[in-house]
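Residue numbers (our numbering), protein chains in the order written: chain A, 1 to 291; chain B, 292 to 600; chain C, 601 to 730.
Since the hints were derived computationally from the structure, they do not count as laboratory data.
Some hints could be false.
Stated by the list, open to error - Which residues of chain C face chain A? A few of them, derived with a C-beta cut under 8 angstroms, are:
#1 Thr613
#2 Val643
#3 Gly644
Said to hold, decoys possible - Dumping the calculated SDA-like pairs for lysine to any residue here, alpha-carbon to alpha-carbon at most 20 angstroms:
#4 A:Lys264 / C:Phe717
#5 A:Lys264 / C:Ala706
#6 C:Lys640 / C:Lys658
#7 A:Lys98 / B:Thr407
#8 A:Lys77 / A:Glu149
#9 C:Lys640 / A:Arg165
#10 A:Lys264 / C:Arg704
#11 A:Lys264 / C:Ile713
#12 B:Lys436 / B:Tyr360
#13 C:Lys640 / A:Asp69
#14 C:Lys640 / A:Lys98
#15 B:Lys504 / B:Asp442
#16 B:Lys436 / B:Ser362
#17 A:Lys77 / B:Met292
#18 A:Lys98 / B:Ile293
#19 C:Lys690 / A:His179
#20 C:Lys640 / A:His179
#21 A:Lys98 / B:Thr390
#22 A:Lys264 / C:Gly707
#23 C:Lys640 / A:Ile111
#24 A:Lys98 / B:Arg392
The structure displayed is predicted, hence computed values, not measured ones.
Ideal Cβ placement from N, Cα and C applies to all residues, glycine included.
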Amino acid sequence: MSAISTDALGKRYGSNWALRDCTLEIPTGSVTALVGPNGAGKTTLLKLVVGLTRPSEGTVEVLGRTPRDDERELMPKVGFVAQDHPLHAGFTVAEMLKLGQRLNPSWNDDIARRRIERLRLPLDRKVGKLSGGQQSQVALTLALAKQPELLLMDEPVASLDPLARREFLNSVLEAVTEHEMTVVLSSHIVADLERVCDHLVILSESRPLLVAQIEDVVASHRLLTGPLADAADVARVHDVIRASHTKRQTTLLVRANGHVYDAKWELHEVDLEEIVLAYLGYGAEVFEVAS
Amino acid sequence: MIWLGWRQQRTETVIAAAILALVAVILVPVGIEMAHAYTRDGLSHCLGATQRPLCDELVGNFQQRFDKYNSLVGWFNLVPGLFGVALAGPFALELERGTHRLAWTQSITRRRWVATKLGLATGSTLVASAVLIAILVWWRQPLVKLDGRMDNGAFDAQGTVILGYGLFALGLALAIGALWRRAIPAAMVAFVGYFIARIFVDTWLRQRFITPKTVTWPAGKDQPASLARSWVFTEYPSNAAGTKMQPVPRACFSGTHAKCIVRPGFGYMHAVFEPASRFWALQGIETAAFGVTGIALIAFAGWWTLHRE
Amino acid sequence: MIRFHLERSGVPTYLQLVQQVRQAVRLGVLEPGDQLPTVKEVVGTLTINPNTVLRAYKQLDLEGIVEGKRGVGTFVATDARPVPPDDDRKLLRTSLERWLQRARAAGLDDEEIAMLFDDTIRPPAISRVA
Chain A
1 MSAISTDALG KRYGSNWALR DCTLEIPTGS VTALVGPNGA GKTTLLKLVV GLTRPSEGTV
61 EVLGRTPRDD ERELMPKVGF VAQDHPLHAG FTVAEMLKLG QRLNPSWNDD IARRRIERLR
121 LPLDRKVGKL SGGQQSQVAL TLALAKQPEL LLMDEPVASL DPLARREFLN SVLEAVTEHE
181 MTVVLSSHIV ADLERVCDHL VILSESRPLL VAQIEDVVAS HRLLTGPLAD AADVARVHDV
241 IRASHTKRQT TLLVRANGHV YDAKWELHEV DLEEIVLAYL GYGAEVFEVA S
Chain B
292 MIWLGWRQQR TETVIAAAIL ALVAVILVPV GIEMAHAYTR DGLSHCLGAT QRPLCDELVG
352 NFQQRFDKYN SLVGWFNLVP GLFGVALAGP FALELERGTH RLAWTQSITR RRWVATKLGL
412 ATGSTLVASA VLIAILVWWR QPLVKLDGRM DNGAFDAQGT VILGYGLFAL GLALAIGALW
472 RRAIPAAMVA FVGYFIARIF VDTWLRQRFI TPKTVTWPAG KDQPASLARS WVFTEYPSNA
532 AGTKMQPVPR ACFSGTHAKC IVRPGFGYMH AVFEPASRFW ALQGIETAAF GVTGIALIAF
592 AGWWTLHRE
Chain C
601 MIRFHLERSG VPTYLQLVQQ VRQAVRLGVL EPGDQLPTVK EVVGTLTINP NTVLRAYKQL
661 DLEGIVEGKR GVGTFVATDA RPVPPDDDRK LLRTSLERWL QRARAAGLDD EEIAMLFDDT
721 IRPPAISRVA
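Just chain A, same shape as in the assembly:
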């Protein structure tokens, strides 16, 4: 069963489509990365999933329910850490926890207190006086103590320094280890995602370009280098994501369908970041885009 499933989902603001033709499935229990440049529609997709906005077209189903319409049943099962984690700056950490407790019947105060203790956050400190990393940890605590089945995070680490980022991701993953849940996090930073996530959705210009398991993505993509040649031969068997040429040499990033037998191509493995960048059109003309 899918935790999230969308069908031809779209959202328009005025005459601009923030998201379009979005059809995807996010499997239960997965940790999915939603990557793409700023403005690609990541936030919009998450907002649609959590019911902060309504679709302009298509449908979205979350944990078997329709966001917004089934608000009462769905919201207790969904944790959401919004971009820049807006919290009440004038509240103390303790008051933020009280907020979580008052607004969530499924609240587990033990989880919350233990996390805050381990992070060594003073309960009487005003949230506005905490560092960005600490604030994001408070926001995460709020989402986790609710014991959600689905945890959604919009750019949770974008504003954090590398150490805070690592700590934050660690917290998320430890929570995933302890409690079964599906996680979706959006990011425009690809580094770290390869190890943290197991599924990948690439969004670009309001549309999903690739929805796949990360392991398959890394395993199936190869960089081919060889003498200057037309990519057409390769393209007949494999999906050419990116092709670039110099006077002597051709470099192809392909999604290989099986072995590349032609001996004139030298094969290289590529890491996720390179692959994502290729999909997003960085580096050369995009020949065709696998769907």
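Assemble chains B and C onto chain A, guided by the hints.
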């Protein structure tokens, strides 16, 4: 959710309480002094048809001494506006900062969140306005007995209209805040709007709520009793045939009519007025006008917030 | 106890973990009955997806190198014998040498052979996906 609502409204509740305390601090000493003077001078005996001697002097003295506070109390017309604008603050601030999304992604429904926030603001505004009414009504008791409560200065600070004013200011601030999502500018615009609406009603609309009565009496005689404590819009003389003439100087209306009206040619005096008996009818209409508008604005703020995103 | 590390390469993360355990058993760093780090510990130190660790442990279990004991942890199997016995190894080596000769006869140089070998050995990857 109610805890959260109170917690977020803490500062504004304190502000409202502080304003009430300030009003009390200003009015209570004067009120005690006034009530004391009223009983000491035995002014209650000057109210009936059979007046004790020296009443004119005693009442004149009393009025001279305390009427100046009337203009001070006029400033308190702003207070229900302050209540409404201040108590709309938490809602507008939340929308401005985007923290409402935090609440909306917890387990409660958006509808419940909006209802609780707006309900608390409305309830608090009504309570604060009611306390203000209590202070003002208590304070003005002696003046009401002497002068009635129909002229604008008294009418605005009596009865139930202040509840309507509070609701209206609150609704206006909430609606503008919901549309604009900028708390401070919304509060300022709402306050100006409140002020304009009040002036419009005070100076133009209120006298059109109920068609006023007219009364005619022979010149040189005392005013008919029905004019006492009434809200008199105009008073003018006419000749014996009933043709309107130049009104006498305003000074003639105070106290000693007969001396003024010796001018030849005046046959009759006429007055257009709302009698004191219509006090509650006028209060009811004005309270309803402001109150219903206010509640409609509050409902709009809630509806817009729920459906905008 | 073994301490995992990760390299930035095209090798899938779970496979890196599998290889590190195999290596450690082969080298005697891990002995039968030794406990592997818990999933939570691995997640905590490497900041990796717990599913990846589970997958690696499952693979090792399938290979008979480790045994998962429910609620206790994962231990190196008592009969863990990742290294083929000497006879087997000799046999395998001989057949590989024969294959090498064939490859050279077909005109492949050492580098090409290495590439072909790499390409074949590495990806359960590439062919699996297709």
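Verification of the hints:
1. Thr613: holds (6 angstroms)
2. Val643: holds (5 angstroms)
3. Gly644: OK, holds: Gly644 (chain C) within 8 angstroms of chain A, min 6 angstroms.
4. A:Lys264 / C:Phe717: holds (16 angstroms)
5. A:Lys264 / C:Ala706: With Cα atoms ~16 angstroms apart, Lys264 (chain A) and Ala706 (chain C) stay inside 20 angstroms; holds.
6. C:Lys640 / C:Lys658: holds (15 angstroms)
7. A:Lys98 / B:Thr407: Given that 20 angstroms is the threshold and the Cα spacing comes to 17 angstroms, the pair holds.
8. A:Lys77 / A:Glu149: Within the cut-off at roughly 5 angstroms; holds.
9. C:Lys640 / A:Arg165: Given pair Lys640 (chain C), Arg165 (chain A) holds - Cα atoms ~18 angstroms apart, limit 20 angstroms.
10. A:Lys264 / C:Arg704: The given pair, whose Cα atoms are some 18 angstroms apart, holds under the 20 angstroms limit.
11. A:Lys264 / C:Ile713: Within the cut-off at roughly 14 angstroms; holds.
12. B:Lys436 / B:Tyr360: Distance of about 16 angstroms is within 20 angstroms: holds.
13. C:Lys640 / A:Asp69: The given pair, whose Cα atoms are some 37 angstroms apart, is violated under the 20 angstroms limit.
14. C:Lys640 / A:Lys98: Between Lys640 (chain C) and Lys98 (chain A) the Cα gap is close to 28 angstroms, so the pair fails against 20 angstroms, i.e. violated.
15. B:Lys504 / B:Asp442: holds (15 angstroms)
16. B:Lys436 / B:Ser362: holds (18 angstroms)
17. A:Lys77 / B:Met292: holds (18 angstroms)
18. A:Lys98 / B:Ile293: holds (12 angstroms)
19. C:Lys690 / A:His179: Status violated; Cα separation ~48 angstroms.
20. C:Lys640 / A:His179: This hinted pair holds, its Cα atoms lying about 11 angstroms apart.
21. A:Lys98 / B:Thr390: Holds, because 16 angstroms separates the two Cα atoms, which is no more than 20 angstroms.
22. A:Lys264 / C:Gly707: Holds, because 14 angstroms separates the two Cα atoms, which is no more than 20 angstroms.
23. C:Lys640 / A:Ile111: holds (16 angstroms)
24. A:Lys98 / B:Arg392: holds (17 angstroms)
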